[in-house]
Amino acid sequence: MKIKWFSLIRILGLVAVLGYHFFVKSFPGGFIGVDIFFVFSGYLITSLFFIELEKSGSFTLLTYYKRRFIRIFPPLVIMIVTTLPFTLLLPSDFRANLAKQVAAAIGFVTNRFEIQSGLSYEAQQIPQLYIHTWTLSLEFLFYLIWGALLFILVFWLKKQGYTGKKLLGQTRFIVFVLAVLASIASIIYLEVTFDPKYLSYSYFAFASHAYPFFIGAIIATIVGVRISDKQRAQFSNYPVKKILLWSGVPILILLLLSIFGKFESSWTIRTNLILTSVLTAILIVQFRILHERTTSPEPEILMVLADTSYSIYLFHWPVWLVISHFVSQVFLAGVLSFIVSFTASAAVYYGVEPYFHGKQPAKWMMSKPFYGGLGVVVLVGVGVMLTAPTLSKTERSLHEAAISEAMVSLDQKGQLGQNLYDVGNNINANTSWYNPDAGFNTSTDMRLKQSTSISDKILNSSQTVLGDSVMVGVVPYLATILPDADVDAQVGLNYDSILNSFGKRVKAGTIGKYVIISAGTNVTSDMTADVQKIIDNAPKGTRLVFVTPYDGKNKVVLNEFNTYLKSLPNKYKWIVVADWASYIEPQENRLWADKIHFAGKQDVAIEYLNLLAHSLNEVAKSKGKP
Numbered sequence: 001m002k003i004k005w006f007s008l009i010r011i012l013g014l015v016a017v018l019g020y021h022f023f024v025k026s027f028p029g030g031f032i033g034v035d036i037f038f039v040f041s042g043y044l045i046t047s048l049f050f051i052e053l054e055k056s057g058s059f060t061l062l063t064y065y066k067r068r069f070i071r072i073f074p075p076l077v078i079m080i081v082t083t084l085p086f087t088l089l090l091p092s093d094f095r096a097n098l099a100k101q102v103a104a105a106i107g108f109v110t111n112r113f114e115i116q117s118g119l120s121y122e123a124q125q126i127p128q129l130y131i132h133t134w135t136l137s138l139e140f141l142f143y144l145i146w147g148a149l150l151f152i153l154v155f156w157l158k159k160q161g162y163t164g165k166k167l168l169g170q171t172r173f174i175v176f177v178l179a180v181l182a183s184i185a186s187i188i189y190l191e192v193t194f195d196p197k198y199l200s201y202s203y204f205a206f207a208s209h210a211y212p213f214f215i216g217a218i219i220a221t222i223v224g225v226r227i228s229d230k231q232r233a234q235f236s237n238y239p240v241k242k243i244l245l246w247s248g249v250p251i252l253i254l255l256l257l258s259i260f261g262k263f264e265s266s267w268t269i270r271t272n273l274i275l276t277s278v279l280t281a282i283l284i285v286q287f288r289i290l291h292e293r294t295t296s297p298e299p300e301i302l303m304v305l306a307d308t309s310y311s312i313y314l315f316h317w318p319v320w321l322v323i324s325h326f327v328s329q330v331f332l333a334g335v336l337s338f339i340v341s342f343t344a345s346a347a348v349y350y351g352v353e354p355y356f357h358g359k360q361p362a363k364w365m366m367s368k369p370f371y372g373g374l375g376v377v378v379l380v381g382v383g384v385m386l387t388a389p390t391l392s393k394t395e396r397s398l399h400e401a402a403i404s405e406a407m408v409s410l411d412q413k414g415q416l417g418q419n420l421y422d423v424g425n426n427i428n429a430n431t432s433w434y435n436p437d438a439g440f441n442t443s444t445d446m447r448l449k450q451s452t453s454i455s456d457k458i459l460n461s462s463q464t465v466l467g468d469s470v471m472v473g474v475v476p477y478l479a480t481i482l483p484d485a486d487v488d489a490q491v492g493l494n495y496d497s498i499l500n501s502f503g504k505r506v507k508a509g510t511i512g513k514y515v516i517i518s519a520g521t522n523v524t525s526d527m528t529a530d531v532q533k534i535i536d537n538a539p540k541g542t543r544l545v546f547v548t549p550y551d552g553k554n555k556v557v558l559n560e561f562n563t564y565l566k567s568l569p570n571k572y573k574w575i576v577v578a579d580w581a582s583y584i585e586p587q588e589n590r591l592w593a594d595k596i597h598f599a600g601k602q603d604v605a606i607e608y609l610n611l612l613a614h615s616l617n618e619v620a621k622s623k624g625k626p
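Residue 84 in my numbering sits at position 84 of the sequence shown, with consecutive numbering throughout.
Some clues are possibly wrong.
[Claimed, not checked] The list that follows gives simulated cross-link-like pairs (lysine-lysine, DSS-like), each with its CA atoms no further than 30 Å apart: (1) Lys595 / Lys457; (2) Lys625 / Lys513; (3) Lys507 / Lys625; (4) Lys457 / Lys368; (5) Lys2 / Lys359; (6) Lys25 / Lys504; (7) Lys457 / Lys533; (8) Lys595 / Lys566; (9) Lys566 / Lys601; (10) Lys601 / Lys540; (11) Lys623 / Lys504; (12) Lys4 / Lys66; (13) Lys66 / Lys359; (14) Lys533 / Lys601; (15) Lys359 / Lys55; (16) Lys230 / Lys165; (17) Lys100 / Lys4; (18) Lys100 / Lys595; (19) Lys601 / Lys100; (20) Lys513 / Lys623; (21) Lys25 / Lys533.
[Unchecked claim] Between beta-carbon pairs, the in silico distance windows are: (22) Pro354 / Val180: 34 to 42 Å; (23) Phe73 / Trp267: 34 to 42 Å; (24) Asn559 / Ile51: 25 to 33 Å; (25) Trp267 / Lys55: 27 to 35 Å; (26) Val335 / Lys571: 49 to 57 Å.
These aren't lab readings, by the way, just hints derived from the structure by calculation. A quick note: this is a predicted structure, and the numbers were derived from the prediction, not measured. Cβ coordinates follow ideal geometry from the N, Cα and C atoms, glycine included.
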């Protein structure tokens, strides 16, 4: 039974996700679209279960699993097979660990892969091609667990002698109770295990993110696809104004969450996603009523978009990565990505999928050129996977930077430290960091190459360095010019976390008199506000150096932020801006493929250090914050 206007729910979720991935600066909270999909999926699966139970008086688990598998697996494989060859258009860093990504995707365990990696869309050095398939991991787990529970429930009730309407009624009641308990348990687990420093687990784990499915299941027990005659009569007289109100307000709130929500916010994971699930449940009820309240057919374009929404979701992310790599204008790249994704999805849904459902496939699928082309694509895809590097150059350089940082900290620290340092040297002997021509060798070597020295005034004072992954790659070298600095540099840090770290040091009285802040490539919506809070909260006598961030793929947003940073010295004499972005932009080919990092490239790192040293010497001329 086709329910009019349910298409709007699928499209709402799709638009939110596409907005987040294509225009993340405008829709930083658009990832809530995934939870919209989850709620609707839980609703639809449970409603179809009740329809089957009502019709046949039974529930066939194997048939249920087969339908779910055929619905989600073939389009997934088609997407992977057809997009793999296009990864050859991207730098090799994009293909890092590709075989594991593909295996995780087709094995429906991408969520575990991402939890172990500690990654998210917000904290990837090089975006992963199939990270978006983590949603299928949760979907598949829900299908497996929920289907088994429903089968056991029906089997048990029939053993108790329930049949016909009594079986349906009792099943509906128990499913309602089970769904309520499962929703509550999932939310409690989320709140109890939530760790703001480990958002990946709360977001990707099934146990802490299963509640949307069960909230959808709750609605299915109350207002399913098939409703009673009494409900149909009630819905037929339901005021249209109420439908508009109870649909318009949730949609408006979801829009606001998409615009103002932030992935890294604790409120997002702990409250906003739960609110999204509840609002989606309300929309399902309202659109189910609207189906009974209207007689006009649903516009064709809505049905087409809804039918192809799953395949569009599958294709959009790898397509976006390829197109946005060549098209720097974000809006144009987004439009082109949607057109390509929709075209591919329509071909899959209307041309290929019917074959897997026992229907007559499109004629072009039966032609020899199609099979020949498919064979070539498969061979190229397999070749791409087999030749893909296990680590990207950026990831390797950052790992080596971390090793090198530890070695620097051990240097000149007694016999035990020296022993560990020697072991580190042996392990690190074949890395780029140990090659005197290409990377880190010894602190003495770095000092010989460093051209700008730090004044004694600075060295005799305290220094604090706060930074993101760019600073991580510089830390081993930084120790040669600021050996006693308090450094907090981590991959994925943004200005929100920098502000938090700065505030803790101010409160503890451990903030340095000279503070270097290098962040911003992990863009947030309120970076300028965070900078102002840092300025306002800085203790008397503090001198600040802000480094302008550079991202060759996100120049528009960062240029605006960097313009703001460069205006600060005119207002605050105790602030200096190290304009790294302007310096490196004409030479961005010297950076790694992501056009951000340069860890392991000693010549670039030395130039970065020279800029920091020069800026520190400049700010040292001021009297500090009055």
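Any of the earlier hints contradicted here, and which numbers?
-> Hints 1, 4, 10, 14, 17, 24, 25 and 26 are the ones this structure does not satisfy, whereas the remaining hints hold.
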